[in-house]
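Numbering-wise (numbering that gives the first Met the number 0), the sequence shown opens with residue 0 and increments by one.
Worth flagging that the hints you see were computed from the coordinates, not collected in a lab.
Quick caveat, the model's predicted, so the values are computed rather than measured.
Among these hints, one or two may not hold up.
With a cut-off of at most 27 angstroms between alpha-carbon atoms, the simulated DSS-like pairs for lysine-lysine come out as follows [stated by the list, open to error]: (1) 278 with 179; (2) 41 with 179; (3) 41 with 278; (4) 278 with 257.
Derived DEER-like restraints, expressed as beta-carbon distance ranges [stated by the list, open to error]: (5) 228 with 124: 20 to 28 angstroms; (6) 280 with 124: 35 to 43 angstroms; (7) 292 with 25: 21 to 29 angstroms; (8) 61 with 35: 15 to 23 angstroms; (9) 130 with 228: 30 to 38 angstroms; (10) 147 with 36: 18 to 26 angstroms; (11) 36 with 262: 41 to 49 angstroms; (12) 180 with 11: 16 to 24 angstroms; (13) 133 with 258: 39 to 47 angstroms; (14) 218 with 144: 52 to 60 angstroms; (15) 292 with 101: 15 to 23 angstroms; (16) 34 with 218: 56 to 64 angstroms; (17) 208 with 86: 47 to 55 angstroms; (18) 136 with 221: 42 to 50 angstroms.
Heads up, the beta-carbon is just placed ideally off N, CA and C, and yes, glycines get one too.
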Amino acid sequence: MAASPPAVTAQDRLSAVLERFRVRAHLFFNGALCGVTTFDEKGRGFLHVMREGEMEITHSTPGLPRRLRVTEPTLLFYPRHAVHRFHNPPAEGSQFTCATLEFAGGAMNPIARALPPLIALPLARVQGLSPALSLLFAETEQVRCGQRLLADRLFEVVLIQLLRWLLDHPEEASVKAGLKPGLITGLSDPRLARALIAMHEAPGDAWNLERMAQCAGMSRSAFAAAFREIVGQTPADYLAAWRVSLAQARLREGTPVKLLADELGYANPSALSRAFQAKVGLSPREWLRGETASDAETRDER
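Between the sequences and the hints, there should be enough to build the whole structure, so can you do that?
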């Protein structure tokens, strides 16, 4: 008799994704913000920690509340580009520690895509944040050797702790953080997580519905129905999107399509190109040309 799949508590639900789509944090501010401060950097997200004070936030990006009042120490996470403004008193404003975030793969990063445009959570609500935040605040209070590098890494730890909280509290995350069906909700489900982790770790394997369902310990019909409801798409569509996201990341690194086809489970480069065009609307070469031009424009704007 074949051994049953291990319990999800014994598996790491994040590393396979984060290893392929890294997130880099860069500390850029620590202290009091007074008056109106605008944050608008294309291609980057933001992670703000309001340590004390009160303020109002306004947004001009669709999908975000026009006004939001923050009255207690709060973590404000913008995973994608979103213009936002902090309104503080003209003097003695709220205390902040802030970082920009660069998601590998940009807009196609599966974690960035799976999250709502803003997650605003009081610090007291997110278990596990206190130790990392204490270290982060200690590092930003005085200049020491390696301070900026260590602060950047600590911000990345804070982000991972936040993602852990979202995975471990899916119902509260849906209500408080506006989490929608997708990667995070799928990884929050103990059965679906086993299949998702397996696909993330071995995207080039010969996956079919039966094998995915076996990983989850479910029948094919039950697995397909649960996957569509919780993740928001069919298992086949998710696998195709995951492979194309990986292809995009590897193309940006300079990997040729010929090598990617075998790596991602396609019979030949033409098969990969067809799958890529079906998801993106462009051939791999056309897409990469556009990304290269866009990167150059972004660098010029900065």
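Regarding residue 61 and residue 35, is the given constraint of 15 to 23 angstroms on their beta-carbon distance met? Hint holds: Cβ distance 21 angstroms, inside 15 to 23 angstroms.
Confirm or reject the claim that residue 280 and residue 124 have a C-beta distance inside 35 to 43 angstroms. holds (40 angstroms)
Lying within 41 to 49 angstroms: is that true of the beta-carbon distance residue 36 to residue 262? holds (44 angstroms)
Do the Cβ positions of residue 218 and residue 144 conform to the proposed distance bound of 52 to 60 angstroms? holds (58 angstroms)
Pair hint outcome, residue 278 versus residue 257 [Cα-Cα no greater than 27 angstroms]: Answer holds: residue 278 to residue 257 is near 19 angstroms, not above 27 angstroms.
Against the range 39 to 47 angstroms, how does the distance between the Cβ atoms of residue 133 and residue 258 compare: consistent or not? holds (45 angstroms)
Given the hint of 47 to 55 angstroms, is the C-beta distance from residue 208 to residue 86 inside that range or not? holds (51 angstroms)
So does residue 180 sit 16 to 24 angstroms from residue 11, Cβ to Cβ? holds (22 angstroms)
For residue 41 and residue 278, compute the direct alpha-carbon distance and say whether it is at most 27 angstroms. Distance ~23 angstroms between residue 41 and residue 278 Cα, so the pair holds.
Do the alpha carbons of residue 278 and residue 179 lie within 27 angstroms of each other, as the hint requires? Holds - the C-alpha atoms of residue 179 and residue 278 are around 21 angstroms apart, at most 27 angstroms.
Regarding the pair residue 41 and residue 179, is the alpha-carbon distance no greater than 27 angstroms? holds (24 angstroms)
Is it true that the C-beta distance of residue 292 to residue 25 lies inside 21 to 29 angstroms, as the hint says? Given about 24 angstroms between the Cβ atoms, the range holds.
The structure is consistent with each of the numbered hints, conforming to all of them.
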